[in-house]
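Enquirer: Chains as they are written, first to last, in the numbering used here: chain U, 4 to 342; chain P, 4 to 342; chain Y, 2 to 417; chain V, 2 to 417.
In silico DSSO-like pairs for lysine-lysine, Cα to Cα no more than 27 angstroms straight-line: (1) U:K328 x U:K241; (2) P:K328 x U:K295; (3) V:K369 x V:K172; (4) V:K64 x V:K352; (5) P:K295 x U:K241; (6) P:K269 x U:K295; (7) Y:K144 x Y:K369; (8) Y:K319 x P:K50; (9) P:K295 x U:K268; (10) V:K91 x V:K75; (11) Y:K144 x Y:K91; (12) U:K50 x V:K323; (13) U:K269 x P:K295; (14) Y:K323 x P:K50.
Hint data in this document are derived by calculation from the structure and do not stem from the laboratory. Since we're looking at a predicted model, the values are computed, not measured.
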Amino acid sequence: MAQMNMIEAIRSAMDVTMNRDPSVVVLGQDVGYFGGVFRCTDGLQRKYGEHRVIDAPISEGGIIGTAIGMGVNGLRPVAEIQFADYIYPGFDQIVSELAKLRYRSAGDFFSPVTIRTPCGGGIRGGQTHSQSPEGIFTHVSGIKTIMPSNPYDAKGLLIAAIESDDPVVFFEPKRIYNGPFDGDPDRPAVSWASHPKGEVPEGHYTVPIGLAEVVQPGSALTIITYGTLVHVAVAAAKTAGVDAEVIDVRSLSPLDETTLTDSVKKTGRCLIAHEATRFGGYGAELAAIIQKNCFYHLEAPVSRVAGWDTPYPHAFEWQYFPGKKRMVAGIRRVMETAA
Amino acid sequence: MAQMNMIEAIRSAMDVTMNRDPSVVVLGQDVGYFGGVFRCTDGLQRKYGEHRVIDAPISEGGIIGTAIGMGVNGLRPVAEIQFADYIYPGFDQIVSELAKLRYRSAGDFFSPVTIRTPCGGGIRGGQTHSQSPEGIFTHVSGIKTIMPSNPYDAKGLLIAAIESDDPVVFFEPKRIYNGPFDGDPDRPAVSWASHPKGEVPEGHYTVPIGLAEVVQPGSALTIITYGTLVHVAVAAAKTAGVDAEVIDVRSLSPLDETTLTDSVKKTGRCLIAHEATRFGGYGAELAAIIQKNCFYHLEAPVSRVAGWDTPYPHAFEWQYFPGKKRMVAGIRRVMETAA
Amino acid sequence: MANKSRLHIPRPTARPGDEPDFSYLDLSPAGAVDKPSVAARVRDIEYLSSGLVRVLDEDHTAKGPWNPDLDPEKLQIALRWMLLNRVFDKRMWQIQRQGRISFYMEALGEEAISIAQGMALRHGDMCFPSYRNQGLFMYRGMKLVDMMCQCLSNTRDMCKGRQLPIMYHSKSGNVFSISGNLATQYPHAVGWAMASAIKGEDNIAASWVGDGSTAEADFHHALTFAAIYQAPVILNVVNNQWAISSFQGTAGGDRRAFAARGLGLGIPGIRVDGNDLLAVYSVTVWAADRARRGGGPTLIEHVTYRGGAHSTSDDPSKYRPKDEWEHFPLGDPIERLKQHLINEGHWSDAKHDALVDELTDEVLAAWKEAQKYGTMNEGPFLNPETMFDDVYADPPRRLESQRRRMLEIEQNGGEQ
Amino acid sequence: MANKSRLHIPRPTARPGDEPDFSYLDLSPAGAVDKPSVAARVRDIEYLSSGLVRVLDEDHTAKGPWNPDLDPEKLQIALRWMLLNRVFDKRMWQIQRQGRISFYMEALGEEAISIAQGMALRHGDMCFPSYRNQGLFMYRGMKLVDMMCQCLSNTRDMCKGRQLPIMYHSKSGNVFSISGNLATQYPHAVGWAMASAIKGEDNIAASWVGDGSTAEADFHHALTFAAIYQAPVILNVVNNQWAISSFQGTAGGDRRAFAARGLGLGIPGIRVDGNDLLAVYSVTVWAADRARRGGGPTLIEHVTYRGGAHSTSDDPSKYRPKDEWEHFPLGDPIERLKQHLINEGHWSDAKHDALVDELTDEVLAAWKEAQKYGTMNEGPFLNPETMFDDVYADPPRRLESQRRRMLEIEQNGGEQ
Ligand SMILES: Cc1ncc(C[n+]2csc(CCOP(=O)(O)OP(=O)(O)O)c2C)c(N)n1
Ligand SMILES: Cc1ncc(C[n+]2csc(CCOP(=O)(O)OP(=O)(O)O)c2C)c(N)n1
Ligand SMILES: [Mg+2]
Ligand SMILES: [Mg+2]
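Bound conformation, chain U alone:
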């Protein structure tokens, strides 16, 4: 086992898969010689060469479009989109082609592309470096959508994604690249070193796609969340003094309904939290599923804490980000609702 932050874990996932399988290639803007603006691919080009770690032009559509073609020709492309906010020029290739190729060709053709992209706010990135667009991908049949919350999962899930024959959009919450974040920006930054999930095996392992994880057991309330907010939820539950069961969804699609449902049936209360805009977000699906599956167990309506329905404003990042205060308020609301 080694100590890794999320960047190192993600890099290690690519390293391990590239080492085992010569068909794995990496492409994206600045990923090669430079090693990526977040350093996730640092050293990979030196190790595997310019033909497997490819500096691509600034063309998200072209990166995804050509990656699909490479995948059809037997490679396993891992494409980096520099920021999730910049994935939209590649959206058509993802939705119309990558997601539907296997289906429309009845399984004769497919392309096992993995798209990695940093998402989320909390780094003073303003509205074009802070978005969490996972909700528009989870609605698309044919792709899988993942967002890890720690180095161990990041590496295990990314290896699983690269090895999967299904296309995967892999969101990396950049706020926690270097350490967990409890949602309070005034507290000093923490590193992964002190976190159990910062212990990461050096070699090959996978975290299976499609399983949620109970991060912390509890009996009073279930908080369903993912990405950065997992850490905020744990901290907020503590602050609120509520015995919350915190679940990290991890695999947004396919979704582990069982783990979620079992928990809420047990606790009878449910708070859903994500950083993305609330209206029409992924949390809506979670709420819709929980209220349906746990109708007779719910003592309060399923509640959501999410980004406001505005773009992510630079100056009001901490008013926008669903931090500890808002999470605590959300917990209290759910707890105070009379059963």
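For this one, chain U is given, so just place chains P, Y and V with the ligands on it according to the hints.
Expert: Below, chains P, Y and V with the ligands without anything else, positioned relative to chain U:
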């Protein structure tokens, strides 16, 4: 008043606004000389000239991108995207630019673009002529999303959209262009002539954006839906013999929560229906809102009838489409749940 | 708006009722365009993008440096494939008109492109076609009955009923799955070619889009990546003068030939008479050779004409002269190859007619067989359960429960 | 993978530790490129895309047909603006380093472009800038203090705190809102220009992207629409040799000049010495004139060099030689104009130094003032409530309740 089908009503909306306001321009593929593949712009170029009804190249991104620039220069562009399935190449311009321009410039710049696009299945169009992608637009702050279900609303809402300073994505359920459809493909086609909403004023009027409509009052159950399924819902309720209140959402965003909430508080049961893929769809948001607002009134979990989580298969259109059978089954499920 | 608009509006030379007018087409006589070495520098062969490579002259004689000197048997085979394409299309069109398939698109007048390029490429080369490349599927070994079964969405449909008619694919024939979304296949071809180069293989890729589709983003993406990585790929633009109701000027074709679109990226372009099988064959061999030797991509513009309606949903008499095709200066590719072979003494009208009859029978026989696997109204039917397959290699559980729910509803209205 | 890869990988001529090597740049001597009439046919002026229009020669003498013969006062003013741009950038960079703003981007070495083009355009012409066009905002009348307030997201920020630093806009100055998404402004400029033409007005539009951004779809969309409708627009590609860590060859720039990218669509391209204010001014006047007379779009490639880091988040020593800029053959635009003016007897080192001091004071004074409107840590602060404004002209109710909820939480943790 005149008899109009939905195509005529939509055309009339453009005609009326172009006539009143010289800044209204129309652009899109085949919209000019030919009058549009669905004839929605037929005759407009002859009437308003090639400079206001513009044949555009096959470039959805270019159509929307240039329309934004035109809007910034004082025009009111109405862009047609030939099929909603082909809107994705323009997605970046919609999400990153059209939706955010007013916000990021603190109101100094905006572009009042309306994007019209035919959506939905039931016309044997296969997976690339049948999609209902409204759910990925409703999640985007800064745009409004509309889907009318009849000629009267189509015209009134389209005029409101064109006159609105906010960008609007206007989905036209093509299956009901020529007549309402109760979801049973084996029954002969019906025209709008016999439908009260086929009566449409010739001149200017608006249907305000942001208001749902109670299509049919009822006490046993609320069916919340929009587009083609409004007609299916009415027919299914009759077949099921259930006194359902049917609500046509019409304006998906902004959403008229009040009308929806009031109804479900009254009936105590709620079925949500849309043609789009279920997982992460717009129905999830409706379900999340209803369970929250009506928690103490619900006698059964909020249920959804929707397209399956697959692409829209050509051969199994009628197994995919949430038709009368499926709607009836959905109604029964909600009604049979013990209170 | 007080002032007069200054916007330039491109307009076709003729609308319904007008005399057809193709004076806008720059034509070179057969044999007039030089043939450079495949090792030529890009800047030295720009002339290929403005001239028009032609081999067959007005009198159907093959001439000039691009004459591939194919032997008569090969040409007879080529003629056969083109004819098969046409006979097949004609039959399928009628079948659609009879309501027995939901949709169809024909390649009328453009048959030479698929067949000549099919002949010029190697089997290991991968094709990323548009919806007017049915000839390529035929040439690469797809059985007519399989194509028909696809159009019928029946039990033998290679797409398992998921795609509109004509959206074929052929894994064994190395022809990619046709997409309804225009131009999306272009970057796939480039990516495929890049992978071929990465693997050190010498297979190349080829893709086709229409004149109208060049305006899409993916056209730019493909050219950009192809140029940067010198991908071994042939990028074809089939300029059939129309994109549904929009003439080629609506995609900027009246400003400069589509063949020139890659010049700014250093991609050589060749403008070829798309109705001249010999010329298309020849330029394709040249471009393939160049790509295989590491010379990078070539853009080929095929000047041709969409002889029929855009699709069975279209009515071109609404937007272009009815007799435009008859006036198209590059004629009919089948007629031209036929006359060439007759002139050379290798073919006759009688043989031709007999061949048409033979192919008509072949198509009819295929249609009879195809129907055995199911029609739109008569079984055997594909099992609707299969609609939940192949969404994923490893499907989420919710698809399984949706499958069950679908069956419940189909079987008993969901009452259980 | 047994075989050796055959993929072509573009590589810069020098990496850290290497000798800088600009031998790849095709340079023409000053005065060498002919100046055509604005009415010239596109095909006759292709040479403009491969040559390099230069006015100032090695000795800082203005020469040749493109010499705009600007009077010395104008040039002094130009020099002042360029210097202001540079002094401002330097100060703001320091301010970011001190942690007093969150981010910054400088235009070091590229100042001539914004200033020369600002001078060449009319006020009614609309500019759609990239993030390195701060000089354009200055030239078009934006106060330094306003630019600083934007960078501070303070109470006077024109963006009300919503954008990253440097994402300015100026309604009154006719400069569009800068987007973080690369190249998206390009089709906006074309659409704006189309609207100007539709309205029969003679205002034109101009837009700027970097070399790297030409690979984006919107570059293609803009060129295609501009060509088809002959939009009165100037499309600028600022080729500063780098796109973060990627050299211009990663966007295909080593295959052919960016100026040539529109040729295939019939859009003339001009390659200009971007560090020569006179040359940039001159080609811009030419292109603007051409557009205004209905001649359609022009693509201008400015050959320049990104003198500094990509942004405050970047460290270029990781990917290029530290001293590359010093070896750039086109020098420093400010230095060159300064020497020209000195040579002509209209300027002196002393005046220059005095001007730098004066501008430094001006910038300092502005910074003092700006901070009065709030800093990152000290008030006055923008009211967070305003974050819910301007999402819509006519906002949905849910935004109102979210605003209230936000206030509740800010005020009392949401306990009420
Ligand atoms: C992305 C996208 N936009 C629009 C369409 C609708 N459409 C189908 S075919 C067609 C015309 C294509 O013209 P062209 O590229 O010239 O090909 P041709 O039909 O002439 O072979 C259009 C607009 C589509 N299928 N995909
Ligand atoms: C759509 C999009 N993709 C990626 C980025 C990240 N990014 C910001 S600047 C930049 C480099 C741009 O280079 P260039 O266009 O040459 O402009 P320059 O910075 O040299 O002025 C990149 C990749 C972005 N902002 N937008
Ligand atoms: Mg065409
Ligand atoms: Mg650059």
